[in-house]
Amino acid sequence: MTRVIKYVFYDILRTRFILLYTIFLFVSTMAMYQLDSDSGKVVLSLVNIVLMVVPLVSIVFTTIHFFNSYEFIELMLAQPINRSVIFLSEYVAVAFSLCFAYIAGVGIPIAMYGFNPGGITLLFTGTMLTMVFVSLAFFSSVLTRDKAKAIGIALLFWFYFSLIYDGLLLWVVYTFSEYPLEKVTVGLVALNPVDLARIMMLLTLDISALMGYTGAFYKDFFGSYVGMTFSVTILFLWILLPLLGSLRIFSKKDL
Amino acid sequence: MTNRLFLYGTIFFCLAIQVGVAKTIIVNPSGTVRSIKDAINLAQNGDTILVMRGVYREGNIILEKSIVLRGDNFPVLDGENKYEIMTIHANGVVVTGFAFKDTGVASVNDLAAVKVLDSKHVKIVGNQFNNTFFGIYLANTTRSWIENNQLQANAEAEHQMGNGIHLWKCDQITINNNSIRGHRDGIYFEFVTNSLITNNHSDRNLRYGLHFMFSHNDEYRDNTFINNGAGVAVMYTKNVTMIGNHFEHNWGSSAYGLLLKDIRDSHVNNNTFIQNSTAIFMEGTSRTQFKENVFSRNGYAVKLQASCDDNTFERNNFSANTFDIATNGNMVLNTLSNNYWDRYEGYDMNRDGIGDVPFRPVSMYAMIVERIPTAVLLWRSFLVFLMDRAEKAIPVMTPENLKDESPSMRPHDIHLPGK
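Each protein sequence line maps, in turn, to chains S and V.
Our numbering applies: residue 106 is where the first sequence begins, and numbers increase by one.
Our numbering applies: residue 14 is where the second sequence begins, and numbers increase by one.
It is worth saying that the hints were derived from the structure and are not from the lab.
Nothing false has been slipped in among the hints.
Derived lysine-lysine pairs resembling DSS-like cross-links, with alpha carbons at most 30 Å apart:
1. V:Lys274 <-> S:Lys324
2. V:Lys182 <-> V:Lys78
3. V:Lys251 <-> V:Lys304
4. S:Lys146 <-> S:Lys324
5. S:Lys146 <-> V:Lys405
6. S:Lys146 <-> V:Lys304
7. S:Lys252 <-> S:Lys111
8. V:Lys78 <-> V:Lys50
9. S:Lys357 <-> S:Lys254
10. V:Lys304 <-> V:Lys416
11. V:Lys416 <-> S:Lys146
From a predicted model like this one, the values you see are computed outputs, not experimental measurements.
From just these sequences and the hints, can you work out the full model?
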């Protein structure tokens with residue numbers, strides 16, 4: 106398995122995309138730190154990048170990469186290797202390189218300008234989101250044989266989680282505003298990894314004070330031991346479920 | 014002319030007699046007079062009691078003569094966690110240079126380190142208060158001074174602690190240059206009129222840094238309120254003047270820099286509001302002027318409830334606040350003019366420093382959150398960003414008339430007290 110991972114990894118490095126992505130993250134993070142002296146506010150601005158750009162890049166890159174290495178996968182399948190080994194190697198290599206790019210690009214400036222709880226949460230949630238969207242990308246890739254279609258599905262995932270879902274959530278909150286919705290919304294937020302990451306970020310940045318009763322409730326919940334375990338578990342589920350689903354499809358698929 | 018000379022002569026003569034008659038009693042742990050109570054028994058009106066360094070445990074000292082109590086090198090008056098330390102019921106008393114510590118804590122009586130009842134011309138100057146339940150307590154007292162005192166307490170819960178400087182039904186009091194930390198309310202006023210509160214420093218109090226009710230015609234200048242549990246609360250009062258105060262880091266889900274409730278005909282000028290979760294919260298406030306204040310890095314700069322009317326906001330600087338103004342209704346009875354808003358994106362064709370397009374400081378999302386607090390969980394999401402942009406272009410939800418017709422292009426150069 107390690108050998109397959111190594112080949113995929115070299116292949117990714119050859120395209121130089123990962124390098125550009127790292128540089129992009131590094132430059133924009135550095136620029137924000139230099140524009141603003143308050144490190145708390147920098148982290149707040151970085152939240153936008155993490156919530157928008159990181160999922161988008163992860164999901165699109167992974168889908169394209171999967172279809173570009175389709176021939177390689179077919180070649181590998183001709184060898185006496187288990188399908189799941191090939192598939193998981195692909196996943197590990199892609200996820201590892203994207204996470205590495207993110208941690209290097211954002212983590213180095215944060216380390217340079219001083220770690221704070223906000224920065225650490227930012228790194229953690231960003232890494233988790235990268236892995237979640239790599240999983241989702243694999244899922245959309247195995248759903249179809251057509252590259253364009255797969256990219257379309259991937260973009261739809263991204264669009265759904267960053268925009269459509271929030272719209273639905275707002276509608277629910279608006280419609281049922283007469284009811285105590287706090288507990289329900291915790292459940293609803295768990296259904297969207299982007300929202301979960303955003304709320305985890307907001308709560309560590311000490312702006313929950315602005316969020317009134319809801320903020321206090323969330324802080325109580327997510328700040329507690331149970332809440333932390335809950336959110337991390339949910340994020341892991343968001344990584345594992347699409348991955349296992351796609352693995353299942355891939356194993357049975359007629360390539 | 015001769016008349017006036019005669020008058021001066023008489024005053025001088027009287028003073029000379031006074032000085033000649035008044036005597037000084039020295040209290041020393043190793044001297045002839047060993048307790049302050051004995052000294053008070055010996056003293057007559059106009060005398061001075063000089064208390065030398067030492068620790069005095071005398072329970073409750075009751076003072077009913079007009080005398081000067083002076084501490085040499087901060088003698089300690091210890092309440093042993095049981096007693097009220099000093100109760101003053103006389104005019105013209107001066108208490109200076111003492112270190113009060115450990116008063117009793119009670120839920121029925123308001124035990125204080127220094128309590129003044131029904132008196133005039135009292136001066137409490139330059140004392141230290143450590144771990145007192147109430148620090149300085151004035152009731153029904155007029156024309157008095159509380160100056161240069163340092164009060165510190167460290168209770169964990171509100172019910173274990175009284176107020177630092179507590180005034181009830183007083184008139185013409187000057188409170189200057191005190192520092193108050195760790196009490197329930199730093200400075201508490203109820204029915205206090207015509208008073209001047211200057212240069213005080215109130216921080217880390219559990220509830221309000223300054224709290225006043227029914228206290229008309231008072232003036233607050235150059236005070237600093239930092240890190241208090243709920244900031245500063247001002248209620249049911251008219252004719253208040255607040256100038257040059259500093260409200261900083263009053264942060265928490267129910268903390269306000271300045272909470273105004275049922276206030277009218279007042280002035281809030283040249284104050285600084287930095288990093289408060291809500292800099293000013295206004296409810297039932299009328300005819301109040303907010304001029305040349307600085308609002309920076311607050312959660313909400315101004316929460317203007319619909320019950321406020323005829324207030325004016327003029328020449329204030331708003332920068333780096335999460336929300337500049339939030340409101341809960343569509344009716345607008347207040348005026349905004351010539352403020353500086355860092356979010357303003359308009360232009361100035363004739364270069365007179367005033368933007369040509371009105372600025373609407375209320376963001377749509379702030380309106381939604383005001384109506385449905387739960388919606389705050391979408392804060393900082395992409396959706397909200399898009400909605401705010403759309404609303405800016407075509408206002409639908411935000412009050413059409415809450416706008417600054419003449420926004421300033423540049424921050425005003427506001428003179429602030431030296432910090």
